[in-house]
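**Q** Chains A and B are the protein sequences, given in the same order. Following my numbering, the numbering of the first sequence begins with 1 at its first residue and continues without gaps. Following my numbering, the numbering of the second sequence begins with 1001 at its first residue and continues without gaps.
Don't read these hints as lab results, they were simulated from the structure. None of these values were measured; they are calculated from a predicted model. Keep in mind that the hints are not guaranteed to be accurate.
[What the hints assert, rightly or not] Each pair of labels, with its calculated beta carbon distance range: (1) B:Y1285 - A:T58: 52 to 60 Å; (2) B:L1180 - A:S145: 22 to 30 Å; (3) A:T113 - B:Y1285: 38 to 46 Å; (4) A:T113 - B:P1062: 34 to 42 Å; (5) B:I1284 - A:A79: 52 to 60 Å; (6) B:P1151 - A:G119: 13 to 21 Å; (7) A:Q201 - B:L1180: 28 to 36 Å; (8) A:A79 - B:R1099: 30 to 38 Å; (9) A:G157 - B:I1103: 44 to 52 Å; (10) B:L1180 - A:R61: 17 to 25 Å.
Just so it is clear, CB atoms sit at the ideal spot from N, CA and C, and this is done for glycine as well.
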Amino acid sequence: MSNVVLQASKLTRMFGGLCAVNEVSFDVLEGEIFGLIGPNGAGKTTLFNLVTGMTPPTSGRLTYRGQNITGLRAHRIAALGIARTFQNIRLFGNLSALENVMIGQHLSATTNTVSSIVGLPASRREENKTRDRAYELLEMVNLLSKADDKARNFAYGDQRRLEIARALALNPQLLLLDEPGAGMNPNEKAELSTFIRQMRQQFNLTIVLIEHHVPMVMGLCDRIAVLNFGLLIALGNPAQVQNDPAVIEAYLGD
Amino acid sequence: MIEFLTNFLSTYGFLIVSMTFSAMLALSLYLPLMTGQLSLASPGFYALGGYIAAWMSTELYPPLATGTTFPIPSLFVEMLIAAVACAILALLVGVPALRLRGIYLALATIAFVEVLRVLSLNLDVTGKAIGIFNIPQPFVTKIEYLYISLPMLIVCIIFMYRLERSRVGRAFRALREDELAATAMGINPTYYKVLAFMMGAILAGMVGAVSAHFLNTWNARQGTFDLSILVLAYVIIGGSRTFWGSIVGGMLLTALPEVLRAVAGIQGLPPFLTGFLTEGRLIIYGFLIALGTLFFPQGLITPEFLRRFARPPKASTPTKSKPLQTPST
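Please model the complete structure; the sequences and the hints are all you need to start from.
**A** If you want it as structure tokens, here you go:
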């Protein structure tokens, strides 16, 4: 059996009186593509924020490869190899695409602050390595020709791909994609599915993704968790989830 | 020619050195701004550095024999101690204060400057309201202070140039652009914000130490809220997205009143204009600041503006169609 990469147990987050995530428990296994679906306001993005340390959980426990990461700050969690993208794209808009991806490699530096400012040879070599790697990643998402353009001037789809390149720059082992296909037409979504599979292969990734488009989720994900009003109402492979009465009710109503 | 130059330097020596100080004070505010922190604390550290130098040179060092100048190495020692003291104070103030954002941080840092000012008005060691005067001079004329301030400015420029292109500078700018996204990249926001704040404090303290000698006297009127606003104006007018903006802004705005005074002195101008240029130069000054913010909201110097002068970037030769290497970790 595969190893458990990420484990949530009875994870809860309250916002005032609203329970955005309510005692949610699940395991994400090594190398799988794990889908997270549910109607608007179901708590999917909040769950991402909990996993990446951007929102501390009210109660419950998060474990990453056996290590307790509950309540760790976001930059510490990123350092463990968990990268993410955002639903409302959050690029560094005034910086170039290249700089965005170079910032994504922040953690891979081995030289210290002083050496990097003074420009010691080791830091310069590292700087060149960082730049080359950034070009590679940009080429992978077909943005090489726009490397020097400001991120904020990019078309929507390009921004989405740049954000993925930036997340990959962290060399993550677990990648969380928050609605990577938002605003794309079915053809583009099919391409995106192929791209996500290829990414998993190439980087040995475990991927958790939020997506609304049911055909894409069903075709892409190994397992799917369904949230509704903060509760986990179903968890299983696409066929199981598709036929679950609770899921049908949540999506279609009575 | 030589005579003209000597005249010029003796007339404008004070101004030219002041311009270099202003440029560095502007940089000290620009540094925390690189991480998106609007801190107006620079004048507080400037005042502290000045008091350290003033106190050391008047109380600690033996009095100078008449006709001798203050030894330069002693001045370096003062600058070093001012830098260390400001770094420690910045660490103590920065860790709690940098939890605040935007205008709230600005208010907290104004309060910090006020606290230091009121303290210096009431402590014996700072000479209370009178301050510390007769600070010994390392140089005979004011223009000679350029021997200290110009190398300092050049070192600052090299430092800032390197910083903006380094991993640390990128982390600063990432925090300024989007703090949440920056933390998702593994950037520790507290570390880099406090680091930038400390760099600014150290620079302001060292400038203060030299300024105390330069101005000959140091009191609670140095490093006040007024200076906070002035330094902020340097950065805003000059341009807050590249360090060149701070330097140009600081120099231009410091020179401006004197330039207006010189223009008023031109022969043959109608009397009302001469009168306005001499009496009303602060009005003109304010007016230009207002115009500047209206027509150059990004400041005079922007990264786009600089790019026009930059040599074309090295032809980047990314590895074409080379298959992506799987990361080793």
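**Q** Hint by hint, say whether it matches the structure.
**A** So, going through the hints one by one against the coordinates:
1. In this structure the supplied range 52 to 60 Å holds for B:Y1285 paired with A:T58, their Cβ-Cβ distance being about 55 Å.
2. Under the hint 22 to 30 Å, the C-beta atoms of B:L1180 and A:S145, about 29 Å apart, fit the expected range.
3. Taking 38 to 46 Å as the suggested C-beta distance range, the pair A:T113 and B:Y1285 conforms, at roughly 39 Å.
4. In this structure the hint that A:T113 and B:P1062 lie 34 to 42 Å apart at CB holds, the actual value being about 39 Å.
5. Checked against the hint of 52 to 60 Å, the C-beta distance between B:I1284 and A:A79 comes to roughly 54 Å, which is consistent with it.
6. Roughly 19 Å separates the CB atoms of B:P1151 and A:G119, a value that falls within the hinted 13 to 21 Å.
7. In this structure the supplied range 28 to 36 Å holds for A:Q201 paired with B:L1180, their Cβ-Cβ distance being about 30 Å.
8. Under the hint 30 to 38 Å, the C-beta atoms of A:A79 and B:R1099, about 22 Å apart, miss the expected range.
9. Take A:G157 and B:I1103: their Cβ atoms lie about 36 Å apart, and the range 44 to 52 Å is violated.
10. Our hint of 17 to 25 Å for B:L1180 and A:R61 holds, since their Cβ atoms are close to 24 Å apart.
Of the numbered hints stated above, those contradicted by the structure are hints 8 and 9, listed in ascending order.
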